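**Q** Please put together the full structure from these sequences, using the hints given.
Keeping their order, the protein sequence lines are chains A and B.
First residue of the first sequence? That's 0 in numbering that gives the first Met the number 0, and the numbers climb one at a time after it.
First residue of the second sequence? That's 0 in numbering that gives the first Met the number 0, and the numbers climb one at a time after it.
Hints are computed from structural coordinates only; laboratory data are not their basis.
Be a bit skeptical, because a hint or two may be false.
The following label-pair restraints were derived from C-beta to C-beta distances [claimed, not checked]:
| # | chain 1 | residue 1 | chain 2 | residue 2 | range |
| --- | --- | --- | --- | --- | --- |
| 1 | A | Ala336 | B | Arg49 | 54 to 60 Å |
| 2 | B | Arg126 | A | Arg156 | 26 to 32 Å |
| 3 | A | Asp59 | B | Arg126 | 21 to 27 Å |
Bear in mind the structure is a predicted one, so any value in this text is a computation, not a measurement.
For every residue, glycine included, the Cβ atom is placed at its ideal position computed from N, Cα and C.
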Amino acid sequence: MSEPLARPRRKNPLARTRLPLLPQGARSRTAHGLTAAAAEGRFALQVCADCGHVLYPPRDACPRCLSAKLPFKNIDPNGRLIAETTVRISTDRYFHERMPWRIGTVQLDAGPAIVAHLHGDTVEGERVRLTLKLDKSGSAVMFALPAQETPHMQADRHWREMTCDPQYRRVLISDGRNAVGQAMAKAFAEAGASTVFVGIADPWKPFPGEAELRNIAPIEVVPLDVTDTASVAELAAQNGGRIDILVNTAEHVRPGGIIERGNLSVAREEIDIRYFGMMRLAQAFGPALRFRGADGVNSATAFVNLLSVHALMNWPAYGASSAAEAACLSASQCLRAELRPGGVKVLNAFFGPLETEWYQTVPPPKLAPAALARAVVAALQDGLEDIFVGDIAQDVRERLNTNPKALERELGSH
Amino acid sequence: MPRQPSARRSYEGVVACQPVTIPYRRYSTESAAWWIGRALRELVKKSGLRPQDLDGFALSSFTIGPDTAIGLTQHLGLSPRWLDHIPLGGASGVVALRRAARAVQAGDAEFVACVGADTNHVDSFRRTLSTFSRFAQDAVYPYGSGGPNASFALITRNYMNRFGATREDFGKLCVAQRDNALSVPHALMKQKLTLDAYLAARPIADPIHLFDCVMPCAGAEAFLVCREETARAQGWTHVRVLATIERHNAFPDDPIQIRGGWAMDAGELWAMAGLHTGSVDFVETYDDYPVISMLQFEDLGFCGKGEAPDFVRSHTFTNDGSFPHNTSGGQLSTGQAGAAGGYLGLVEAIGQLTDTAPGGRVPNARIGLVSGFGMINYDRGLASCAAVLARAA
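**A** Spelled out as structure tokens, the structure:
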């Protein structure tokens, strides 16, 4: 049985901060097929297109028929834990300071035997469910969970190495003036975050929802304007070492394409708030996040980007805005590489039109800010890296996989 | 397709001789090339050959990288006309023997020096593990990095669950091997091991405890393969090769390893040798972990699958016992010098059958069985092999 997570003690300011170490992240190119599945929380293995054989470890030829057609497909993750061991001595520095560490052999119903990390509630000889997780190195690993949910299973020590659970962590929401920022603050408060800092530009200006926000216990309103480098730097100097999860909720959604805009002023604002805003946050808070990746129960763990799904394919009705989102997506990939040495994940949450003022004329389905916030919290609890929230985002994702050119034409035809 | 054992040519007229061991060291500041050079020098010195007489060279070494055998020819000043690099870990010795024997038999080479050698710098074991194979990189090393201890812990645990082996059974093998090692001057483990001490040792990766694990070290082993008539003319004591087998990636569908390739080929081994299991006077298994020795007892036919625990309980394994086993102490007591570990049993067997073994002798030993096992690529050892050797008449 997992024990509930204990609230971390206040950190001794004189104590040395333990530096982050990573498990070995090097993988063969083919094995990153598992990383792609893990990033989205899918369980996929190679399945031979010619003979149907399910393979593991990843290969470049089928060991049954030598076919080279070995796509990764979603697979039944259930199996049985046939043998386990508790590793007590490790040659690897990351595991060395995390001993003892349990691993085991899982025989999947789908065929292969897989060596996996074990959740503390798994039992040798019994049924388990395999998941693919991104470990601190950012590469995929197999992780076996008990077949049924168990109490406090999120608190498992090995599991928390794979996830970014907000419980007892301190969160910064970069902009609390908008509906998404407020929904996000509430969702993190409910998920057990110990402090939720909510950034407000020009706090002397009142805003809708302010009273409610200030009444929620772990929420602390702080002055923050993502378009002002000095403001961002000031907050980072004060609180940067106490922020474990940063969620950038700054938004600036305006309709219109390139030609129709007629000038650059709105586009400049979009770029300033979205792209430069993200850069300012990353430059100010990134160093501390990366430094504190192994700093106990409330170690730094994630940087969250909220991205329009049209970062992936331009939607001309919001064409200039889509382009700014695409810039943020590209920057997020850079940020991932820069935060990875600290074991800190970058979660990209892609969404379609929201139930908010600037999407007023867009037909349904639209996504409620609260649903987006719940999805972000769930993705952090699961340690994901890319999520597609809501029907439109899922739809765009599917169509992008099938025929991106058709998607481009169809999005541009209204 | 079923094969007919009789289709294989015998090794008539070919012998192995000049067993060489360069005393092991826990850590060495020297390179693998240094250890290989020491082994060859000793081989040359013992045999009276000159280096240029060695026209065949087979090498196994994990730590010689980026070189392979070809680079070593220039490094060591050899000009062989037959060359082999055998990266098969614990199967290296027997595989080198069977390849060299065919080369000599066919006349492709006259004197084949077979060498297994590795160095052990303070950090080389970790480096070898983390880049051991693609599957190890993708699917083993990121999992707790217990290295082979963890992989064999899973195999051992499963074997205990299925067949009722106990830690006492494994301990009995380890204790007997330690007894055998006490008279071997170069064994790294010099203290007697009791069953109580074995059982009380600290856990490494449950159920593997300290004395189930080999000690990584530096060292070198070598022997010479040549024609029988040459050995006689030179006055070299030698052993005959009665039969060998080799198999890789056997039983890939077993979800966890309970048998090795020997189980496919043991019948052929005994048929080729014209002997049966009762004919052997001693057995050298590859003992990276005691459970693997048990698999070899079963798969080579000394008992049935799952019967090794009973077999162990009903025999004694010291050199004067009912089933002399790992007569120099095996890797568990002498140390595992990388690929030299795959030569250790073979070199010791040649010593036993030529009355030159450095430690205790098995009385009246005429037939010896040597078995090899190696290369845990993902979750199991892939290579298995064995040879039956006989004292020269």
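**Q** Hint by hint, say whether it matches the structure.
**A** Going through the hints against the structure:
no., hint, in the structure
1, A:Ala336 - B:Arg49: 54 to 60 Å, "holds (58 Å)"
2, B:Arg126 - A:Arg156: 26 to 32 Å, "holds (28 Å)"
3, A:Asp59 - B:Arg126: 21 to 27 Å, "holds (25 Å)"
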